[in-house]
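With the working numbering, the residue at position 39 of the sequence shown is 93, and numbering never jumps.
Hints in this document: simulated from the structure, not taken from any laboratory. Backbone N, C-alpha and C define an ideal beta-carbon position, used for all residues, glycine too. Treat each hint with caution, since some may be false.
Pair by pair, the computed Cβ-Cβ distance ranges are [to be verified]:
#1 E126 - F146: 32 to 42 angstroms
#2 F146 - P125: 35 to 45 angstroms
#3 P101 - M122: 32 to 42 angstroms
#4 F146 - P121: 54 to 64 angstroms
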Amino acid sequence: MIVNLMDDVFPPVSPEPMPNPEPSPTPRPEPVPHPEPMPSPEPMPSPEPMPSPEPMPTPEPMPSPEPMPGPEPIPGPGPSPTPDPVGPAPAFG
């Protein structure tokens, strides 16, 4: 047996038509008069153009710093007292 669950929530509509309730006479609201249109505001005067700022003077170039003196060369031991054992390289040719 199929149980219609909708009958529990929505009972079957009775065949008798529901009588229409009498419309209550609601007085019509009076139409609201339109407010007077606002006068258009005067156009704003265009602002005067800003004067262009004077160009900035180009800064003078910085003088290049004097080169730092390098470290004094360390005196070497001088020429080796022993002569070169290999000798001069032979000339190709």
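Consistency of the hints with the structure:
1. E126 - F146: 32 to 42 angstroms: Holds: the Cβ-Cβ distance is about 40 angstroms, inside 32 to 42 angstroms.
2. F146 - P125: 35 to 45 angstroms: 40 angstroms Cβ-Cβ, so the 35 to 45 angstroms window holds.
3. P101 - M122: 32 to 42 angstroms: 56 angstroms Cβ-Cβ, so the 32 to 42 angstroms window is violated.
4. F146 - P121: 54 to 64 angstroms: Cβ of F146 to Cβ of P121: about 43 angstroms, so the range 54 to 64 angstroms is violated.
Checked against the numbered hints above, the structure breaks hints 3, 4 and satisfies the rest.
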